[in-house]
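Engineer: One letter stands for each residue in the lines below.
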Amino acid sequence: MTLNGWIQILLFCGIIVALARPLGGYMTRVFAGERTLLSPVLHPVERLLYGAAGTHEKEEQHWTAYVAAMLLFNLAGFLALYALQRLQGILPFNPAGMGAVPADLAFNTAASFVANTNWQNYGGESTMSYLTQMAGLAVQNFVSAATGIAIAVAVIRAFARRSARTLGNFWADLVRSALYVLLPICVIGTLVLVWQGVPQNLGSYTVATTLEGVQQTIAQGPVASQMMIKHLGTNGGGFFNANAAHPFENPTALTNLIHMVAIFAIGAALTNVFGRMVGNEKQGWAIFTAMGLLFVAGVAVCYWAEATGNPLVQALGLQGGNLEGKEARFGTTLSALFAVVTTAASCGAVNAMHDSLMPLGGLIPLINMMLGEIIIGGVGAGFYGIILFVVIAVFVAGLMVGRTPEYLGKKIEAKEVKMAMLAVLCLPLSMLGFTAVAVVLPDAVASIANPGPHGFSEVLYAYTSATANNGSAFGGLSGNTVWYNLTLGLAMLMGRFLVIIPALALAGSVAAKKVVPESAGTFPTHGPLFIGLLIGVILIVGGLTFFPALALGPIVEHLAMLAGQSF
Amino acid sequence: MSHPRSGSILDARILVPALDGAFRKLDPRSLARNPVMFVVAVVTALTTILLLRDWLAGAAHLGFSFQIVLWLWFTVLFANFAEAVAEGRGKAQADSLRKTRAETQAKLLNGADRSSYTLVPGPSLKLNDVVLVEAGDIIPSDGEVIEGIASVNEAAITGESAPVIRESGGDRSAVTGGTQVLSDWIRVRITATAGSTFIDRMIALVEGAERQKTPNEIALNILLAGMTLIFVLATATIPSFASYAGGAIPVIVLVALFVTLIPTTIGALLSAIGIAGMDRLVRFNVLAMSGRAVEAAGDVDTLLLDKTGTITLGNRQATAFKPVRGVSEHDLADAAQLASLADETPEGRSIVVLAKEQHGIRARDLVGLNAHFVPFTAQSRMSGVDHDGSSIRKGAVDAVLAHVRASGGEAEAAREVQGIAEEIAKAGGTPLAVARDGKLLGVIQLKDIVKGGIRERFAELRRMGIRTVMITGDNPMTAAAIAAEAGVDDFLAQATPENKLALIREEQGKGKLVAMCGDGTNDAPALAQADVGVAMNTGTVAAREAGNMVDLDSDPTKLIEIVEIGKQLLMTRGALTTFSIANDIAKYFAIIPAMFIAFYPQLGGLNFMQLATPQSAILSAIIFNALIIVALIPLALRGVKYRPVGAGALLSRNLLVYGLGGIIVPFIGIKAIDMAVTAVGLI
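As you go down the protein sequences, you meet chains D and S in turn. Just so it is clear: in the first sequence, position 484 is 484 by the numbering used here, and no numbers are missing. Just so it is clear: in the second sequence, position 476 is 1476 by the numbering used here, and no numbers are missing.
Just chain D, same shape as in the assembly (with noise of 0.2 angstroms):
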């Protein structure tokens, strides 16, 4: 570890909290319905939309009604994905003239991208047609981070709002997400990009001579426009195979700093909007307080581990971190700090094969989306992801202090608690119990490609990944096999869908309740007390859960290093 290096993270860490507070101002006006920089332009086309669907901005939905109406959008989603991949050979802007995507793969990419996964089995340059990323996953891109939002916004309603019968209205949530917040930080961004070297254009591939005299296809297409969306929507799934590896997705210092903190943004954002709707800005700082510790931590450990290096290596003669998987450009602390980011967040872009990192460096991103993708999270879900441990842990603390539990002062009685553990459990359910069938399934295990415990964590961290709705791969795993397809779809949909609706149903008891006045029987919930609380719930609810697979993959492989074995 260098001071260089950590002046690098401090800098990604700084420029986040600058943003956090202005970025959530705006979005508390957007979500509000007040008049921004942009209404005079988006406005009208906002209007044309709730005209063209048929409701009103002003009209609230009950959170059934949310519920119902961000499952038909999503579904209408899916389907059009679907279908998009299956018909692209007859379908206009395929330079490439790419065939139909095998009904699993087509299923599985459907899933991905309309549960914010990314989770890729497919090389976008061999397999997609420009079409399909650009009509099919960049909308999704777009509407899947939309929905997110939308279901976030929905559930700080409900701590804002009292004695409420609804959370808003779905429709006007997701236009405004989509219009407002994503749009115009891609527009910009996206010519940031360009300026810095990213392609942008529908051109077929290039065909290269290289200097050895070996003919060379250069692919390229729409991929600035891209980027953004891919990471200002914690979607991750990159235009080539090699994400934000590759040159073209990731050319410079600058495009690998933008990635990274606009991944975070928006989940971070999000905490000061929490903090401004229910009318104390610090309720929001404890939260995103105790994502930044459990964030910085993630980061120091990671960092240690790959600038430390493989000792069984080091006694080889080579001296230094590990750079194995590693764009030397960005060595190891860059790598690092990206790993940690694109986990935590839930995104899944990837500058470094995560295959490649040690086993202690490998085992925080494991970690990071096993506890449910909260450390600052995918967009929205990060947010609706932590108000479930919230919940947890003021309902055992509250009981500490000696009153019924309550937060913002809504009472956290039986429905609520019901609503987080229902939520909290389908995480094991799906990362746990796929992993546990597949490791003993002779078609899954064929496709594992390293022995022992490293091979194990290569099948942990898919369907980990693949519920925690993240995307990124620990590589090695070869997933396009129809077992692998159904079962990474199934998980992204359980990951993503049964945590939204027991999220919703919980915020719509909550909106219903009375505020009970602050009082000196009120314990702080803004305070390190609480922050410090709420880490502990997380790791201890969170983590103890999946101690004894990470003791079988990545904690096994470490000792095994250190004893001088390796997979």
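Please note that a few of the clues may not be correct.
The calculated label-pair distances, taken between Cβ atoms and stated as ranges, are [said to hold, decoys possible]: (1) D:E518 / S:G1136: 52 to 60 angstroms; (2) S:S1030 / D:M1: 52 to 60 angstroms; (3) D:G532 / S:R1455: 30 to 38 angstroms; (4) S:R1455 / D:K58: 52 to 60 angstroms; (5) S:F1599 / D:P184: 49 to 57 angstroms; (6) S:V1657 / D:H43: 34 to 42 angstroms; (7) S:A1598 / D:N4: 42 to 50 angstroms; (8) S:F1599 / D:A300: 28 to 36 angstroms; (9) S:P1250 / D:T252: 50 to 58 angstroms; (10) D:G532 / S:T1193: 51 to 59 angstroms; (11) D:V296 / S:D1027: 50 to 58 angstroms.
Think about it this way: if two alpha-carbon atoms lie no more than 20 angstroms apart in a straight line, the pair counts; the simulated SDA-like pairs of lysine to any residue are [stated by the list, open to error]: (12) D:K514 / S:E1506; (13) D:K418 / S:E1506; (14) D:K418 / S:L1229; (15) D:K418 / S:P1035; (16) D:K514 / S:K1512; (17) D:K514 / S:R1292; (18) S:K1512 / D:A68; (19) D:K514 / S:R1505; (20) S:K1510 / D:S163; (21) D:K58 / D:A68; (22) D:K418 / S:K1213; (23) S:K1107 / S:E1167; (24) S:K1512 / D:E413; (25) D:K415 / S:L1229; (26) D:K514 / S:K1510; (27) S:K1512 / D:G409; (28) D:K415 / S:P1035; (29) S:K1510 / D:S519; (30) S:K1512 / D:S163; (31) S:K1510 / D:A164; (32) D:K514 / S:Q1529; (33) S:K1510 / D:G409; (34) S:K1213 / D:S163; (35) D:K418 / S:A1032; (36) D:K514 / S:Q1508.
Honestly, the hints are just simulated from the structure, not real lab data. Just so you know, even glycine gets a beta-carbon here, dropped at the ideal spot from N, CA and C.
Here the structure of chain D is known, so what remains is to put chain S in place on it, guided by the hints.
Structural biologist: Positioned in the frame of chain D, the structure of chain S alone reads:
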């Protein structure tokens, strides 16, 4: 007022029957009420069957499995034992209550005539029957006195041997079946039939027979069930993971891991905590009609307290003599004392005492003085004494002024007296004017005496986040002065049942929970509206029905203790839940290396407790898991101590003790048990 009944937590009379109860509670129907322990019982039964199968098949080396199964059964039994002990304490009380319910004969009146009645068995009485109860009779059932006055011994329910007065009309008309009339007679209209009387309800409550899970208990049960399911997933997936790694895990080891991970500690003690909470109230001579009310007590934001009896001593006392110009204080004191010698009211006596204390004037004998006492009447609103041709009068200021004016007293003294009286009223006191032979002497200052230590209690409540509101019939000026002296946060002066009810509704509208106590029929609407309504046992039937708690001692100050008990109940649950979950870290570090070491020797590195062998590690963890239940029974029954220090401080303290403690204690405990297990050679 009686004191909380004492009783040690670990009393052999309770423990011995509880041992039996622990086995009787193995009944699946009883176990099913508690999801966590039910799961433990099911897996224990399954492993027992597996063990028997192996034994019948003649497998060797079953010692380890046998010990694990044994300790699994202990885990279930210890949980049952905890509940049985908690119930046992209530049972002891119920038994003594039951004795009072012994068959009684009732004198059922045939008509208005008191001498014509038929003897019928008590339980055969119907609602609205009218019975006669005479000296020495046991009151056959709950009822309301419709005629007469009697002294009643209510020791059967209150434990207080001093008799109380029950009379028709007013707020002391309710009588309880099973209590005994000591003198005089009363006609009682029966308000409860056999099986639904107050004592029947008390018995059911203290025995826990009617125990319903409270809302918070249900929520906690959901959390615990959820955690259990999570650990089902965590352990059920291990065999497959292990088989990928080329190993196999015995079922018994998986069961051991599972049982140690799920929150058995809190699961085992949860119902005991609830029962003990109710029991603590009973020990305070307070009966909660539901566990919900006890929980609500912990949440109370606003306490409405009656001034008289709660905040101030029941009676006003003389605190100063304030003479008019030209009269010495000694003269005034002397006259005031003379006028009060025959006045048997507490106020009158306090004047005599004050004159003696401040001016050394000894009480004199009225007869010796040849004096004639003039008693207080509602018309004159004065009392006094006539002796040696002079007459002394004391009484309400306007009454005395009118009396003086009639005998042509001077106007200047009257103005002076009025000025003094106003000052006294402003300071929260009551003025009494004194005149001799038509000449004003001065004013006696009577004051409400705020109970010692009550100010500190209110400060304590404020730190708990509870607002206190004093309810009084006094005028706003006097009320404000007393409120300031007692340190309450607010007051309601010139209170009527209507504005009391309005105040409760207003507070509730702000999202607050309100507790109050009351005794009169006119309190009933407010008692019913309040979230915690404590009816005084001396109160009317209507009040007792409206409230959700009854204070057998009729001591309104107890509201404060009731709130503390409610808080204690929730805190104990939270503390043990935290402790239970925090324990898991150490248990993982004991069992995971032991479990996987056969095929991944490297994981021995996680065994930093240096437990002797894999078997001893697993056995130690399961023994610790079972013993900690027993070790925490006293805490569950006693409750975590509540300190009025504000929520933040309380939380950090409890987190430190039960959270951090919960992480550290099992590391030490498991290590110690491992050393013992190895030393004894169990493995």
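Engineer: Which of the numbered hints are not met once you compare them with the structure shown?
Structural biologist: Failing hints, ascending: 6, 13, 18, 34.
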